[in-house]
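**Student:** Whole structure, please, built from the sequences with the hints as guidance.
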Amino acid sequence: MNYGAILATLLVLTVIGFYLGRGRARAAAGAPTRLHSLPGYYGAHVAIWMALPAFALFLFWISFQSAIVEGMVWNGLPDRVAVLGEAKPKNALPAAQKQLLINNIRNYASGDIVSGEITDLVKQGAAAYRRLEVLSSWIMAAAMALLAAIGLLVTYRSISPAMRARNRVERVLLLLLMVASTIAILTTVGIVLSLLFEALAFFTKVSPVDFLFGLEWSPQTAIRADQVGASGAFGAIPVFTGTLLITVIAMIVAVPVGLFAAIYLSEYASRRVRATVKPVLEVLAGIPTVVYGFFAALTVAPLIRDAGAAIGLTVASESALAAGLIMGIMIIPFVSSLSDDIIIAVPQALRDGSYGLGATRSETVRQVVLPAALPGIVGAVLLGVSRAIGETMIVVMAAGLSARLTVNPFDAVTTVTVQIVTNLTGDPEFDSPKTLSAFALGLVLLLVTLCLNVIALRVVQKYREKYD
Amino acid sequence: MDENIAEAIVAAPEADASDAVDAETFRVKMTTRNVNVHYAEKHALRDVTLDIGEREVTALIGPSGCGKSTYLRCLNRMNDTIDICRVTGRLELDGQDIYDDSVDVVQLRASIGMVFQKPNPFPKSIFDNVAYGPRIHGLVSDRADLDQLVEQSLRKAGLFDEVKDRLGDPGTSLSGGQQQRLCIARAIAVGPEVILMDEPCSSLDPIATARIEELIDELRQNYTIVIVTHSMQQAARVSQKTAFFHLGDLIEQGETPQIFTNPRDEKTQGYITGRFG
Ligand SMILES: Nc1ncnc2c1ncn2[C@@H]1O[C@H](COP(=O)(O)OP(=O)(O)O)[C@@H](O)[C@H]1O
Ligand SMILES: [Mg+2]
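Chains as they are written, first to last, in the working numbering: chain L, 6 to 473; chain E, 9 to 285.
Hints may contain errors.
Cβ-Cβ distance ranges computed for the label pairs, FRET-style [to be verified]:
#1 E/Ala48 with L/Tyr269: 22 to 30 Å
#2 E/Ser72 with L/Arg366: 47 to 55 Å
#3 E/Gln277 with L/Asn172: 28 to 36 Å
#4 E/Asp112 with L/Val285: 31 to 39 Å
#5 E/Ser210 with L/Gln466: 36 to 44 Å
#6 L/Tyr273 with E/Ser210: 29 to 37 Å
#7 E/Gln277 with L/Leu179: 42 to 50 Å
#8 E/Ser210 with L/Tyr269: 41 to 49 Å
#9 E/Ala48 with L/Thr430: 32 to 40 Å
#10 L/Val184 with E/Ser72: 48 to 56 Å
#11 E/Ala48 with L/Val285: 20 to 28 Å
These are calculated hints, taken from the structure and not from any lab test. Cβ atoms here follow ideal geometry from the backbone N, Cα and C, with glycine treated the same way.
**Tutor:** Okay, here's the thing in structure tokens:
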């Protein structure tokens with residue numbers, strides 16, 4: 006039975022329940038006591054208790070159905086199964102072959118492409134699979150119907166003028182809202198946990214001390230035993246310094262330009278200029294970073310290399326400078342837009358006070374407005390820094406891969422994000438230290454940006470409080 | 009309300025005495041002729057002609073939105089900071105046209121100080137708040153002079169004794185009334201001749217208000233003061249001249265006792281007796 010049809014039926018029943026409840030409430034309104042709530046609330050109360058438990062059961066059921074059905078299909082197969090032409094005892098199959106077989110059965114049952122030959126075994130399993138699936142969905146539909154019926158019965162019978170339907174609906178709504186926000190939090194927790202487990206797996210292979218304080222990063226490990234010079238080194242310092250170098254360059258570009266733009270827009274620009282320039286600046290924030298990446302790799306990097314060559318400097322064609330410059334440009338709108346909001350929020354009274362004493366505009370900006378806005382601006386800059394640290398696409402395209410311990414902006418460096426991408430993309434082996442190192446790097450990245458964001462938000466908030 | 013005002017006038021005995029003196033030495037500090045102000049299309053002030061006497065307090069009264077603040081802000085060209093605001097007419101300080109192209113607005117504002125409705129100390133220390141003006145105008149050459157100027161200004165604003173041990177504390181840590189006196193000290197520090205006050209007591213409690221009113225009376229010895237106020241008792245207590253505005257027009261002006269006891273215009277009468285406002 007089709008899931009869509011089941012849900013549609015539930016919806017229709019719920020709507021009917023709503024009208025039933027409302028009708029009964031209206032009828033009850035004739036009684037000497039007045040209804041506690043509007044009739045619609047009684048209908049909603051009925052509808053909620055019909056729909057929610059049944060829907061919860063639905064979610065629960067479909068998330069466990071396939072595992073149970075697969076288990077049952079597996080048990081239903083003959084003891085000896087033919088795999089790759091050989092008959093083997095079913096329970097002695099390696100995990101990978103077992104998984105392959107089950108996947109094939111499932112794919113065949115749902116009409117998808119099957120890898121390898123369609124054997125009788127697969128056909129037999131698929132038939133069982135389909136049968137069980139249909140059975141399962143009927144049972145589920147019946148259980149849902151039962152829950153909805155119970156919900157209807159209980160709530161319908163409870164309708165009386167004294168019942169506080171309005172308050173009960175309110176409570177359920179509150180619950181729904183809380184569930185929604187919990188999902189966001191749980192996702193975050195899930196991300197942290199998955200990172201943590203993989204990172205722990207990495208740290209069983211490489212000691213955390215070597216990782217955090219080692220000076221050499223070369224994640225290639227031997228694939229064959231006889232390979233030379235590829236033992237792998239996982240000292241992350243060069244990677245961190247690469248990120249740091251590029252972030253510093255980016256902020257050197259973004260902070261002054263962004264701040265000056267914000268000052269111009271908030272203090273000097275006429276209303277018309279502001280109305281056009283501010284959105285244009287914010288468009289910069291909407292450009293996909295991969296596009297910035299092209300620009301950095303194809304236009305800016307060669308430009309810097311040629312300019313460097315012209316004055317006798319050796320500049321790598323993938324220099325930290327190129328990536329940092331472009332990243333800085335990308336961050337300008339963040340800094341300018343946030344700072345602009347913060348500067349605008351400085352009370353006009355302070356400016357008036359300064360002008361009233363005969364200060365010029367720039368004196369007022371430097372000595373009154375900026376000091377007042379400083380905490381907020383610091384917050385904006387910190388948010389910009391955490392963007393820079395986490396930025397991936399630009400550095401993947403423009404910064405290169407060589408993990409060199411350097412602070413020379415003309416060298417090629419690599420960053421945390423670049424290493425994560427290169428170690429995880431392609432055809433990774435999921436238990437090699439090279440792949441797992443990506444998770445350890447990711448964990449560090451997450452922690453650092455998390456701290457920065459918390460500090461930044463704190464600072465911004467504290468500043469807000471002052472003028473409210 | 010009538011009685012209160014009458015009492016306030018009677019309770020200020022020196023008012024009559026000083027009026028007699030003023031009558032002899034009366035000198036016009038600022039003149040304004042046919043001042044019109046537009047905010048974009050809105051005609052906020054119509055043909056206002058008013059003289060501000062030297063070393064006396066002129067009170068501007070009238071219902072909200074009648075243009076008192078607008079008029080006050082014309083006097084030190086604060087309206088220049090509002091894009092859409094246009095001022096016409098002739099305004100003079102000591103016979104010099106203050107809207108003339110040759111006038112340095114920055115200098116003008118230094119000689120016409122302003123105190124605002126809500127105390128607005130800068131987010132700096134008490135000392136730096138007062139030192140702000142002298143520093144940007146380069147009024148003092150060394151630290152000792154600056155210290156002295158700050159102390160003097162705070163004394164004139166009647167605040168020094170309360171803050172002398174905590175000059176390094178932020179200006180915002182003071183109470184509302186102290187903050188307002190700090191703002192007055194800040195204005196005094198640049199050596200103005202005229203001080204404009206826009207409802208300086210409207211956010212203060214009665215005790216802080218009384219303190220500021222006393223201060224205004226003292227400052228009158230040295231400065232020309234124009235004060236906007238919503239409280240008619242306050243106007244009666246502190247001012248020698250009063251001007252009544254209504255919907256952008258200057259309805260009536262004259263000696264304060266005369267305005268409050270014997271207004272010529274019906275609208276003035278209505279406003280001070282509380283019939284509208
Ligand atoms: N910055 C401004 N922009 C537009 N209109 C303004 C502005 N300031 C004041 N006005 C208008 O000018 C009129 C007079 O205002 P204002 O001088 O502040 O009155 P008052 O101080 O007497 O209460 C009001 O109608 C007000 O709406
Ligand atoms: Mg006003």
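**Student:** Now look at each hint and say whether the structure bears it out.
**Tutor:** Results of checking the hints against the structure:
Evaluation of the 22 to 30 Å hint for E/Ala48 and L/Tyr269 yields a pass: the beta carbon distance comes to about 24 Å. Distance hint check for E/Ser72 and L/Arg366: the Cβ-Cβ separation is about 30 Å, which falls outside the suggested range of 47 to 55 Å. Taken as a hint, the range 28 to 36 Å is violated for the pair E/Gln277 and L/Asn172, whose Cβ atoms sit roughly 57 Å apart. For E/Asp112 and L/Val285, the hinted distance range of 31 to 39 Å is satisfied, since their beta carbons lie about 36 Å from each other.
As the Cβ distance of E/Ser210 to L/Gln466 is approximately 30 Å, the hint placing it in 36 to 44 Å is violated. Roughly 31 Å separates the CB atoms of L/Tyr273 and E/Ser210, a value that falls within the hinted 29 to 37 Å. Distance hint check: the CB atoms of E/Gln277 and L/Leu179 are about 59 Å apart, inconsistent with the given range 42 to 50 Å. At roughly 35 Å, the beta carbons of E/Ser210 and L/Tyr269 sit outside the given window of 41 to 49 Å.
Here the CB-CB span from E/Ala48 to L/Thr430 is close to 59 Å, at odds with the stated 32 to 40 Å. Restraint check, L/Val184 to E/Ser72: a C-beta distance of roughly 50 Å satisfies the suggested window 48 to 56 Å. Range check, E/Ala48 to L/Val285: Cβ separation about 26 Å, and the 20 to 28 Å hint holds.
In the structure shown, a violation is registered for the earlier hints numbered 2, 3, 5, 7, 8, 9, in ascending order.
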